[in-house]
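Protein chains in written order, with this note's numbering: chain Y, 1 to 683; chain S, 1001 to 1110.
For the record, the hints were derived by calculation from the structure and aren't laboratory data. We put the beta carbon where it would ideally sit given N, CA and C, even for glycine. A portion of the hints provided could be inaccurate.
[As the list claims (entries may be wrong)] Some chain Y residues close to chain S (C-beta under 10 angstroms, calculated; not the full set): (1) K128; (2) R310; (3) A328; (4) D366; (5) A373; (6) R460; (7) D464.
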Amino acid sequence: MSGELVKVLDGNIFVVSDDCGDIEASLTDPTGLFAYDTRFLSKWVLTIDDQRLNALSVDDLQYFETRFFLVPGTGTVYIDAKLSVIRQRAVANGFHEVLTILNHAEKPARLRVRIEAASDFADLFEVKDALEKKGKYANHVVKGSLRLGYERKTFKRSTLISSSQRAKVDSDGLTFDLRVPAHGEWTTELDVVVEGPGYGELELPKGRRRRTMEANLDRWLASAPRIACDWEPLKRTYNRSLVDLAALRFAPPITGGRSLPAAGLPWFMTMFGRDSIFTSLQALPFTPELAATTLTALGEWQGTRLDDFRDEDPGRILHELRYGELTAFEERPHSPYYGCADATPLYVVLLDEYERWTGDRKLVRDLEYEARAALAWIDDYADLQGTGYIWYQRRNEETGLENQCWKDSWDSISYGDGRLPGFPRATCELQGYAYDAKMRGARLARAVWNDPAFGDELERQAADLKRRFNRDFWVEDDEYFALALDVEGKQVDALASNNGHLLWSGIVDRSKAKAVVRHLLGPRLFSGWGVRTLAEGETRFNPIGYHVGTVWPFDNSFIAWGLRRYGFKDEAATIAAGILDAAEFFDGRLPEAFGGYEREQTKYPVQYPTACSPQAWSTGTPLLLLRTMLGLEPLGDHLVVDPVLPAGIGHLELLDIPGRWGRVDAFGRGRVEVASRRATRRR
Amino acid sequence: MTDGAGELFERLGAVEQVPLLKQASGTMLLELTGAPRTERWRIIVDKGEVQVARGPGPADCMLRADRKLFARMAAGKVNAFAAVLRGAIKIEGDPRLLVLFQRLFPGPRS
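Build out the structure end to end from the sequences listed, making use of the hints.
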């Protein structure tokens, strides 16, 4: 592989290839054509007269379409290429590739063009964990096409490869013996179609496919608010976010074709409760329809039974849904898997926030049952210790998730001295979400469900939770909230970014907010780019540890929102400035996480090695930061605008913000001086 | 029919309102294959009201499964979505109905 990986995607179908457009995957390497969590092509290699090609350039035309310009010869020095080759590839129910060969010579060229194709039909989990296959492979030549197939009992997946020009087809690929006239060209269209149960429903007639996707993207961009800003990079970041969010939308066949955000490329192109909810919250002021789909789809899949393998309870919102072989044979619990402790309260938070922005009471009425079931889950199923808090402990000990909060890696929840607590665990932000869910549920009960008594009860519970929380989680000596409580009710006392989510939830006593903010913007947590997941000085702190020291843009967007909620507008602007500055270094596309090194030390944000990109909630981050900086807040049928912007941004306008008010504009001018900003900003 | 599927239909025939299906409307046609012959049932849901009818008819979603497998599904022992993914049961039409329909089945623990 000669250079960068090239990704073309549309929802949960994507192609990852080298910069020639070739795919040569090993079991553990995430290149190939993937659909529904299965690799449908692991080899796709183009040769001309047995020679591989060299990349001249790659043009990303759209997120779903790329063009590769190639020449024969594999050395670093070209031997006066008389041929050029163009591969134009668009994702569509597999992919569609137009292969064009141009002959620049004065005489005709006789060429043997070969495409080698193969598939290992690996489940994405197998790619991630390097597992072996249990079924049988069989390739067939059918009417001039090649079908790569895989079967394990009733499980059947296949890839159909066909071309518009006649080819010699064998079980390993297609060969074209052709003649290209002098100064002429030869072209063929190649179609690679994925086949499995229910997949056909996504298929559109050929030709209409691309136009539909283009029109769809145009519509998406046209309906989002427009930005005008003195600071050019912010415009670029904003537009990048909108396009990436469009790319990450996916319409699983089982949800009837409506789209919601998938979590991120390459591992998480599927429905995730937590990620879909957070992303929908971030995007609400821009594309409220994402929230509507997320609420409806997650509501339909809401847990109704006790199922230990899936960690399912009645009322619980799903964690992750998968379509691959391991899920099909129940070797993995993702059909769907419910082991997550935050999506359920966040579901109610999103429902309320959605209504506040859109005024869509019908959806809130339609989802009353689901919202009540979610609220009931908090008290009836999540309080594993009977102490009035949300606790988590997996019942599926083999393949379930240990940490069921957003920081879900094994070492993310620790005491300051580095020890890991036992299970169950009650992490702090979960209690904040529960508080917010009850408060917002109370509002909905009164305003929409016509049940003021239920509203009173929820508010009473919320007040009680807040009182206990501020007593039990508060680390008196250092004045912040502990990361969690352990089984004995003792504080898991590491200082972590979770404190910011607590501000967002509103559970923090006003009298404690100032101290919390001092920590969030203090040297142990704030790197200059953003708030670290874990504070410097904690035993497990590592600036490139996944959840123990890196900076997560999504995390910071909610922290900034929390700072605004408690009136710390300048501090919110400081975080927004840091993250948006970082975005500039990634050409407007924020990665999932970057290193928690001091900004002064590295001068640029160091990307976390295996971070997903694009990733939905990183993509949504600039949107939420815009909302936060402009101080956008629905109040009845009006939108309040209260801008506090970092100085470097200059003038900022956000035009045609959709909501229950119709469309309104917001304006602001930067005034908050942020230390370290000017000095390190790339010109 | 004395297996789990039969019990399910009996149970559904006896209740009229299933709150879990308050938002659902649609007809699910079940084709249960295997000895002694293919049986067809329809479950008609109208905003939580459930009716069971025997025999074919118009439907929004058709589910075809071996009777024994369906009985295990109706008893909460087999997950419907996983079974669709591995091709053990086939569905045609609106797949959302399957998700909602699964709410009628008990869980593995009950």
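These are the hints, each one checked on the structure:
Because the beta carbon of K128 of chain Y sits about 18 angstroms from the nearest beta carbon in chain S, more than 10 angstroms, this interface hint is broken. Taking 10 angstroms as the C-beta cut-off, the interface hint given for R310 of chain Y holds, the closest approach to chain S being about 8 angstroms. With its C-beta approaching chain S no nearer than about 4 angstroms, A328 of chain Y sits inside the 10 angstroms limit, and its interface hint holds. Residue-level restraint check for D366 of chain Y holds (minimum Cβ-Cβ distance to chain S is 6 angstroms; threshold 10 angstroms).
Using the Cβ-Cβ criterion of 10 angstroms, the hint placing A373 of chain Y at the interface with chain S is satisfied: the shortest such distance is roughly 9 angstroms. For R460 of chain Y, the interface hint is violated, since its Cβ never comes within 10 angstroms of a Cβ in chain S; the closest pair sits about 25 angstroms apart. Because the smallest distance between the Cβ of D464 of chain Y and any Cβ of chain S comes to about 28 angstroms, over 10 angstroms, the interface hint for this residue is violated.
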